[in-house]
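With the hints as constraints, model all of the structure from the sequences given.
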Amino acid sequence: MIEAKNVSKWFDGVQVLHDISAVFETGKTNLIIGQSGSGKTVFMKCLIGLMTPEEGEILYDGRKFRALNSEQKRQLRSEIGMLFQGSALFDNETVLGNVMFPLKMLSKMSHEEQLERAHFCIKRVGLENADNKFPSEISGGMQKRVAIARAIALNPKYLFCDEPNSGLDPRTSILIDNLLSDITHEYGITTIINTHDMNSVLGIGEHIVFINKGHCDWSGDDKTIFRSKSESLNDFVFASKLFREVKLFLEREYEAEENSDNP
Amino acid sequence: MIIGSIKSFGRYCVFMNHVFRVPEKWKEFFKQLIFEINKLGVDSIPLVIIISIFIGAVICIQMTINIVSPLIPSYSTGLATREILLLEFSSTMMSLILAGKVGSNIASEIGTMRVTEQIDAMEIMGINSASFIVLPKIVGFVLFVPVLCVLSMFMGLIGGALVAEFTSMLTMGNYIFGIQSFFNEWYVWYGIIKTLVFAFIITSVAAYYGYYVKGGSLEVGQASTKAVVSSSILILLADVILTKLLLQ
Ligand SMILES: Nc1ncnc2c1ncn2[C@@H]1O[C@H](COP(=O)(O)OP(=O)(O)O)[C@@H](O)[C@H]1O
Ligand SMILES: [Mg+2]
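Heads up: the sequence lines are chains A and B, in that order. Residue 1 is where the first sequence starts when you use the numbering used here, and the numbers rise one by one after that. Residue 264 is where the second sequence starts when you use the numbering used here, and the numbers rise one by one after that.
Take the hints with a grain of salt, since some may be wrong.
[Claimed, not checked] Here are some chain A residues pointing at chain B (derived, C-beta under 8 Å):
no., residue
1, Arg-74
2, Met-82
3, Gly-86
4, Met-105
Bear in mind the hints are in silico, worked out from the structure with no lab data behind them. Glycine is no exception: its CB is placed at the ideal position from the N, C-alpha and C atoms.
See below:
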C-alpha cells in the first residue's frame, strides 16, 4: 500500500499540486485520472521520489520515503518498477539488452539465470522473436511491452505506469491495459497507472483517484464514478458524446432501480 | 552573469562528485569503456588525420612564403612548422576541433537520454546514472586522446613533407633537417599533458550540459551548442594557464 499525505509541489513559485492525499492499495490496479496538464506525471514522480514535494509525506507500506537513508532508498528502488510515458527504452541496447539491464546491474544472478528471467519476462508480455531488435525498429505497442518486461524483471512490489496507452490504437491499448491488470493480480503488485483514457477506467479501474488542476477532487471505483456529484469529474468523464450517452442510459437504469426499490 | 557562472560551476562540481564513484559493476563499466573508446576516440582518427595533414602543409607553405630573409637559415621552415604543431596545433587546435565533434556528440546523446526519460529510468532502478553514463566517456576519451595528439603531430609533419615533396618551395632534405634540429622532447609531453586536460574539459562539460537538459529536442540542440562554446572557451583559458605553468 502506498499513501500520499497532503502532498504539495511548486515549480518556480507556481503551485502544481495542491495538498493531495490518496491511498493506493496492494494487489489492485490504482488509476490516477485527469486532464492533460493536471499534474498526474508530477504527482507520480513525487510518489517515486524523482521529484521531491515541498510539503507532504509519502509512505510505502508504512515506510516514510523522506526518512529513508540512501541505502534504504536504493533498497526500496529495487522494489519499484516504472513504465514511462515514452517507454524510455535504452536506445543502444536491444530488446533483450533492455530487459537484461536491471538484472545485470542490480541482481546477483548468474548470466544464465539472468537470461532465463529476461526470456520469461519477454514471453510474459507476449513478445517473442524480437530479442535482437533495437527499440527504434519496433512499434510503439511493442516498445510498451518491452518496457513492461523491463519493469517487472526484478519482481517489483510496486509498479508505476505513466500513460501506458497514450499514442496506441484502441485495441493495443486494451491489450496493454489487460496485461498490466493481469500482472498486478498475478504477482500481487501495488500498481499505479496514470491515464486520461476512459476506456482504461472502465476496463481496469479498481481504485480511481481524480486529479483536476492539481487538486484531488474525487476518489472511488469504476462503479461509483458514474454517480459522482463532483462537477469537475463529470466534466471529465462525460466529455465525449459516447459517455454522455452512457450517462443517459445509466440514469434510466438508476431510475428503474429506484422505482423497483420503492414501488 | 557572474553569479550565474558561479552557480553553474557549483552544479558542475556536484555533478562531477556524482560521476566519480567506483563503478558498481566493473564488467559493465569495462564494456561501456571499450564502447566509448571506439566511438569517441577511434572514430575521430580519420578527422584528425585529414585535418592535421592539411594544416601541416599550410603551416609549411606559410612559413616558406613568410620567412624570406637572408639572415634566417632555410631549414627554419621545418623547425617552425614542427614547433607550431607540437606546441599549439596538435593539442589546442585539435582539441577545439574535437570539442565540436566529441562534445556535441556527448551532449546530444546524454540530452536525448534525459528528455526521453532514459536517465529517470536508470535512477528509478537505483543506478547512479551520472556515473554509469558519464564516467566511461570521460575515462575512455582521456585515455585515448594522447594517441590522437601524437597522431596529429605526426600527420602534420607529413603534411609539411608533402609540400616539400610536391612543390619547389623547399627541398626535402632541408625540411627533414629543419624538423630534426633543436628538438626538445619536453614539447611532446607538454602537448600531451595539455590534451589530457582538454579532453577532460570536453567530455565533462558536454556531459554536464547534456545531463541537465530540460524540455525537448530543441533544448537538446541548444545544450550541445552551449557545450561546444563553453568547452572551447575553457580550453583556451586552460591553454594560457598550462602554458604559463609548463613552459616557464
Ligand atoms: N519540470 C517542470 N518544471 C516546471 N513546470 C512543470 C514541470 N513539469 C511539469 N510542470 C507543470 O506541471 C503541470 C502538470 O504537468 P504534468 O504533471 O506533466 O501533467 P499531466 O497530467 O499531463 O501528466 C503542467 O502545468 C506543467 O507545465
Ligand atoms: Mg503526463
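How the hints compare with the structure:
{"no.": "1", "hint": "Arg-74", "verdict": "holds, 4 Å"}
{"no.": "2", "hint": "Met-82", "verdict": "holds, 5 Å"}
{"no.": "3", "hint": "Gly-86", "verdict": "holds, 5 Å"}
{"no.": "4", "hint": "Met-105", "verdict": "holds, 5 Å"}
The structure is consistent with each of the numbered hints, conforming to all of them.
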